[in-house]
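Build the full structure now, drawing on both the sequences and the hints.
Residue 1 is where the sequence shown starts when you use this note's numbering, and the numbers rise one by one after that.
One or more of the hints may lead you astray.
What the hints assert, rightly or not - Restraint-style ranges between C-beta atoms, simulated for each label pair:
{"#": "1", "residue 1": "S191", "residue 2": "F74", "range": "18 to 26 Å"}
{"#": "2", "residue 1": "A180", "residue 2": "Q21", "range": "40 to 48 Å"}
{"#": "3", "residue 1": "Q152", "residue 2": "L210", "range": "36 to 44 Å"}
{"#": "4", "residue 1": "A137", "residue 2": "E54", "range": "37 to 45 Å"}
{"#": "5", "residue 1": "R225", "residue 2": "R22", "range": "36 to 44 Å"}
{"#": "6", "residue 1": "M1", "residue 2": "Q183", "range": "18 to 26 Å"}
{"#": "7", "residue 1": "A139", "residue 2": "S60", "range": "26 to 34 Å"}
{"#": "8", "residue 1": "T162", "residue 2": "S60", "range": "45 to 53 Å"}
{"#": "9", "residue 1": "L35", "residue 2": "D112", "range": "16 to 24 Å"}
{"#": "10", "residue 1": "S191", "residue 2": "A27", "range": "27 to 35 Å"}
{"#": "11", "residue 1": "Q183", "residue 2": "Y89", "range": "44 to 52 Å"}
It should be emphasised that the hints constitute simulated quantities derived from the structure, not laboratory data. Keep in mind it's a predicted model, so treat the numbers as computed, not measured. The beta carbon of each residue, even a glycine, is placed where N, CA and C say it ideally should be.
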Amino acid sequence: MPILLALDASSSACSAALLLQREGHEATLVSRFALTPREHTRRLLPMVDEVLAEAGIAPSALDAVAYGRGPGSFTGLRIAAGTAQGLAYGLERPLLGVSTLEALALAAHRRDGVEHAVTALDARMGEIYVAAWRCRAGATEALLDEAVLAPQRLVLSALDETADWYGIGSGWALRDAMPAAVQAAVTRFDSTAEPAAEAMVLLAARDFALGMRPAPHESQPIYLRDQVAWQKGG
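Take a look at the structure:
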């Protein structure tokens, strides 16, 4: 069974997580998370060392490395990508990029049983990174593609208006700027939540089980700045 490491620096938070799945045993998940603005470079690798040490795992035992590939802070994404690529190159392991928005949705599902989530991160410059998801039995399904747009342009009319929608992520601090229809549809939200490696390592494990084995040079951060269309997911 695979042993996976994930790390993230896409927001004000910095995190690392290790998933150890031994055959015949329950999965072990070890993680670290801290709000460390402007300290990601200093904190990220020590967090990686901590989760490896707590799990009693040598880096050479890893089957793959994963990281929060965005969207998020440009600087933070570069830090995470560079750190993860360095580890993956050195260990000659695959490198899996994980959506920060999907990680937020999975975290809300695991923590609060959320089934329909609109994830949004503050993209600065008066915009948000946003997507929508259906979450069931620990799995996520994209309902609206990830996009970057002004909060005033967020439209949920293509979604099931009868669903109990939950908003999660820093972008919901801009809820008052969103259309009235969106505010009416999303009455519960958490604008303090940040993406975390704990959810990312679970998403990476899913992709790894599906046979995804990208080489380190194939995995690139997703910035979304040149993708302004808001389209229904496939």
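Do the hints match the structure? See the list:
1. For the hinted restraint 18 to 26 Å between S191 and F74, the CB-CB distance of approximately 21 Å keeps it satisfied.
2. Restraint check, A180 to Q21: a C-beta distance of roughly 46 Å satisfies the suggested window 40 to 48 Å.
3. Restraint check, Q152 to L210: a C-beta distance of roughly 37 Å satisfies the suggested window 36 to 44 Å.
4. For A137 and E54, the hinted distance range of 37 to 45 Å is not satisfied, since their beta carbons lie about 28 Å from each other.
5. For R225 and R22, the hinted distance range of 36 to 44 Å is satisfied, since their beta carbons lie about 42 Å from each other.
6. Roughly 44 Å separates the CB atoms of M1 and Q183, a value that falls outside the hinted 18 to 26 Å.
7. Remark: the range hint 26 to 34 Å for A139 to S60 is upheld by a beta-carbon distance near 31 Å.
8. At roughly 51 Å, the beta carbons of T162 and S60 sit within the given window of 45 to 53 Å.
9. Distance hint check for L35 and D112: the Cβ-Cβ separation is about 20 Å, which falls inside the suggested range of 16 to 24 Å.
10. Range check, S191 to A27: about 31 Å between beta-carbon atoms, so the 27 to 35 Å window is met.
11. Here the CB-CB span from Q183 to Y89 is close to 46 Å, well matched to the stated 44 to 52 Å.
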